[in-house]
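As a plain string of letters, each chain reads:
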Amino acid sequence: MTRLLEVEDLEVGFGDVSAVRGASLAIERGETHCLVGESGCGKSVTALAIMGLLARNATRRAARLSFDGQDLRGLDERGMSRLRGDRMAMIFQEPMTSLNPAYTVGSQMAEVMLRHRGGTRAAAMARAEDLLGRVRITSPGMRLGQYPHQLSGGLRQRVMIAMALMCEPELLIADEPTTALDVTVQAQILRLLLDLQRDLGLAILLITHDLGVVARVAHRVSVMYAGEVVESAPVEALFAHPTHPYTSGLLGCVPVPGKVARGAPLGSIAGVVPRLGPEFRGCGFRDRCAHAAPACAQTIARRAAGPRHDYLCRLEPGLAGDAR
Amino acid sequence: MSGGGLIDVRGVKRSFRVKQGLFAAARHVAAIDDVSFAVAPGDVLGIVGESGCGKSTLARVILGLLPPTAGEVLVDGRRIAQMDRRERARLIQPVFQDPFSSLNPRRRVRDIVAMPLDAQGDRAGAEVARRVDAMLERVGLSAAQGQRYPAELSGGQRQRVAIARALVLEPRIVVCDEPTSALDVSVQAQILNLLAELRRDLGLTYLFISHNLAVVEHVATEVAVMYLGRIVERRETAALFGAPAHPYTKALLASVLTPEPGLGIPDTGLGDTMPDPSNVPPGCRFHPRCPVAIAACRSQAPALTRVVGGQAECHLVAS
Amino acid sequence: MRALRNAGLVTGALIVGAAVAIALFAPLLVPHDPFAQDLSRRLIPPFWMEGARAGHPLGTDQLGRDYLSRLIYGARISMLIGIATTIASGLIGIALGVAGGFFGGRVDDAVLFAITARLSIPLILVALAIVSVVGSSLTVVVMTLGLLLWDRFAVVARVATMQVRNLDYVAAAWAAGCSKGRIVLREILPNILSPLAVVATLEVALAILLEAALSFLGLGVPPPLPSWGLMIAEGKDYMFFSPWVIMIPGVALFIVVFGINLLGDGLRDLLRTGRVA
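Protein chains in written order, with the numbering used here: chain A, 1 to 324; chain B, 1001 to 1319; chain C, 2001 to 2277.
Which residues of chain C face chain B? A partial, calculated answer using Cβ under 10 angstroms:
1. 2170
2. 2171
3. 2174
4. 2177
5. 2178
6. 2179
Note that these hints are calculated values from the structure, not bench results.
The beta-carbon is built from N, C-alpha and C at its ideal position, and this holds for glycine as well.
Generate coordinates for the entire structure from the input sequences, incorporating the hints supplied.
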C-alpha cells in the first residue's frame, strides 16, 4: 500500500485561536482512517484544511501536505478546485450543504462529471443513474428528475455520496456523514460506504465523534484533542490498549449494552475542551487529566506504544490506560 | 390492563392537520395512534424509535403541553389536561434535547432556574433565592455561573441549568426528551450520571426518550419501542435487550454500533422504504419494512400479545 | 466591542446622536430667536456666498428669520415626530403582531386581515385626508402617522413571535406553570426585540420624511413652527434666486434620514452576527 495523503505538522489558526496545533496523519489507498474527537477538537477544520476549503480568515501551515505525491501547499485555488470533486471528494453531515435545492438530482450530478471530465450530457446522466443504483436507491431513473427537497434524509445522504463518487475519487473525506440519521439508516449508509470502498478501492477519511462507528468501520484511528492528534493506532490496538489518558477516558464514557452494570455510573471526563492560543505549550489535556503533573506543561514528545501505534503523553504505555 | 401507575396513559391519540400545497385539502396525520401504558413510581420508562415515530409528541401530551385528540393521560390519578398549571408544574417537569434552544438567551441562569418558583406566585424572594442556590449547587454549578447568561456556558453546563430548572419545584416526574443527544460523549456521561444520582436521591420517576439504545439500556427499567405512532413492544429492559420479540426491535438493536472492533456493520434487513406517518400501511404498520412478514401482516393489524417481561404487537409473536 | 468596527453603524450613531442632542438642547444652541422676523434682513445668503453677513451663518429666510436657528428648531420637530410616531405605531404593531403570532388561529386571521387592510390604504392620501378634515397640529400629525405606520412592526413581530413560540424554552415556561402574560412578557418579547429595533429605526426615518412631505403640502405642522418640510415649502417660491433656502433644510433632512438608515443597517448586521452559535 502506498500513502495517498500525507499531512505533517498541520497548523490552522483563526486569529488568536489555534484550531489545529501540529496534527499529522497519513492515509493509504483503500484504507478507512477515522478521525475521532469531541466538538471543538479540530477534526472538521483538519478536513477542510486538507481540501483547501477553510474560511478566509484562517491561516494554514504544514510541514507536509501532499496528495498522491503532489504538494497541495503550493497549489492555487484553480488547481485545488480541479482536484476537488475529481480525485478527492467530500461529504458532510447535512446533505443540503452540498446539494443545490434549485436543480434536479440528475443535473447536479451530471454537472460534476461535465466540469471535470467533459463528455456528453447524456453520458454523464447515464453515469449518474448507474451510481444512484450503486448506492441502492430504488428506481434511479425517476430520482434523477427529482429535487433534493423531495427526498428523505437517508436518500439525500445517498445522493450526496453518489455525487461524490461521480469522478471515481481516490480519497473520500466524510465529515460526520451519519450523525443526523436514525440508527437503522446509519447502519445502511455505513454498509454502503464500506461496500463502495471495497469495490472502488477508495481511501476514506471518516470524521466522527461516535466511537461505535469508529470501532466498526476503521482500519486506523487518530484521536484528536484540542487541535492535536493525541493517539494514532490500528483500530484493534486502540480499543484494546488505549494509551493516552484522553482516549481511555473517552472509551469509558460510552455506555455499552451488557458491559457497564446498570445503576453504576459511567466513566466521565470532568471539565470542558479548552480553547488554546498559539502561545500554548505542553499537553492540551492536562487540565482535565487525572495524571497531570508539572511536567505536562512542557513540550511532549510523541512516543510509540506498539507497531504503528503512537501517542502524545509523557507517561509510559500502560500507565495512562489504567484510568479505565 | 393499565392502571395504578404514577403516569397512566389510556388510549391516547394525537393527530395533526397538515396541508400540502395551497389548494390541497387538509389531512389528519396521526402522530400517536392509540397508546396505553402505565409507569410505576420510581421507574424509568425508556421510549425509543426512529425520528417521526411520535415519541416527542407523546412527551408533550404527557407533559400536558398538547391536548390529546382522544384518550386521556392521568398523572397521580388526575387528568393532566384539566389540572391547574401551577399544580401540574409541581408534579411533572421536562428536560429537552437541545440546551441551546431550551434556555431563554435573554435571562440569567439564576432567573431561568427561579422561573418555576416565580410562576407559583406565592414564594417569597428570599426563599426563592435560597432554593435556587441549593439547586444550582446540587447540579454542579457555581454561584458565579448563576449570574451568567446561557451563551456564556458550555453545552453540558446548559443542560445542568435545564435540569436545575426542572427540579427546583421538586416534581415527582421528569420527562427527558433526548437529554444527551446534543452533547459530546464525555459530557453525555456526566449528565447521565447526574440524572441517575438525582433519581436515586430524590426518588424521581423518569420518562426517558432517546434514539440511543445504549443510553436507554443503561438508564431505563422498562423500555417501550415506538413505530409510526404505536408502541410495538414494551418490556422490562433486561428482557427486551436480552431477547427482543418484535422484528422492529430486533432491527433497532442490530443497528446499535457498540465500540467493539471487528464486528463490522450489521445488515438491518429493513430495506429502503421509510415510514411515512401521513400514509400508514394497512395491517401491521411495520410490514413493508419487515424482513419476516407473512401474509396476515398485510391485511390484519396484530393484537397485543404477552411475552416474557411485557408485551409485543406482532403476528409472529402471537403464533 | 464589535460594534465599533462597523463603520456604518458608528457613522449612523454619530449622526443620530448629534441630531438628538441638537434637538434636545435647541434653545441653548440657537444664535437668534427662530420666530423673530426682521423684514430689513430678508433672504441674506449663507456664509459661503457673496453678500453674507456676520451673525447669520446660514443666512435668513423670506421673513428675515435666522435660518440656522430655524434649522436647529426644525431638528426638534423632526426628531419629535419621528420618535413619537414610532412609539405610537410600534405599540400598535407589536401588540397586534405578537397577539397574532402567539395565539394563532382566529386571532391570527384577524391580525392578518388588519395588516392586509392597512397595506391596501394609500398612505399619503389618507394622511392628507385626515389632516385636512381634522386640521393640522403636531398631535394630529403624530396620531395620524402612528395609526398608519404600524404595519411593518406587526408583520415582523408576528413572524418573530411564531418562531420563538415554538422554541423549547417557551415549552419549558408552559411546563413550569407560567401564565400566558408572563410567557409573552418574559420569554417572547425580549427575544423579538432585536428585529423590532431595526424596524423602529426605519420607521423613524419614514415618519420624518412623511412629516416633511405633509408639511410641504401645507398639511403638516402649522407655521410658524419650523419643520424642515415646512421650510422647504416656504422656500419654494424663492428657489430660483435663493436656492439655498430649500437646499439647506433638504440637506439636513437627507443627512439625518441617511444616518438613521445607516444605524438601522448596522444594527441589523450586528444582531445577525451577534447570535452565539
